[in-house]
Amino acid sequence: MSGAAVSDSVQDWPVESSEVVFEGLVVDVRRDDLADRDGGTFQRDVVVDLGAVAVLAVDADDRVLVVEQYRHPARRRLVELPAGLLDKDGEEPLAAAQRELAEEGQVQAARWSEVFTLMPSPGISDETITVFLAEDVTAAAVPADFVAEHEEAAMTRRWLPLDELVEAVLAGRLANATLVAGALALWCRRQRPPA
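Note that the numbering used here numbers the sequence shown so that position 31 is 27, with each residue one more than the last.
There could be a bad hint or two in this list.
Under the rule of at most 20 Å between Cα atoms (straight-line distance), these lysine to any residue pairs were calculated in the SDA-like manner [as the list claims (entries may be wrong)]:
no., residue 1, residue 2
1, 84, 23
2, 84, 138
3, 84, 142
4, 84, 47
5, 84, 143
6, 84, 99
Just so you know, the hints here were simulated from the structure itself, not pulled from any lab data. Small disclaimer: the values here were computed from a predicted structure and weren't measured.
Make the full structure from the sequences, and use the hints.
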């Protein structure tokens, strides 16, 4: 058994040049020319993302709040955690998570803790998603400035027992990466709380 704790490490390979090759509504694409270890260069396209938050809202019966929403790139209606982009200037991740829970879940929580930060596709994107655990949940009014549009207008919500959610993940019936990681992390915490 090794003595060092396993951990990702920060590295920053030299970028010779960089240009934005696409500007979109939610993401941009940047092309970087990187120096390789042999003295040459190679290119990588990077999807530049605002970052996001997701919420594992758990009620007194150990049920998890999920939403169902159509996702056009996947051509599916996915079961997901309440989540959203860090798209409000100066908004901290916890405040964004609290806002998203009220908007999408129509609930609020008295206790909050950060569970983990996930990089869903680090080979092509700089996106990070911070997942929070929200407990002592009560009903909340949808914020007055929130208007559900497009896919969000057809969003539904329900509470699922954690065991049922984990069973669906392990059976391959649920594919949203944040939901999969969040459900499994919460189940593991219930089995063996972190040190």
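Report the numbers of all earlier hints that the structure fails to satisfy, in ascending order. none
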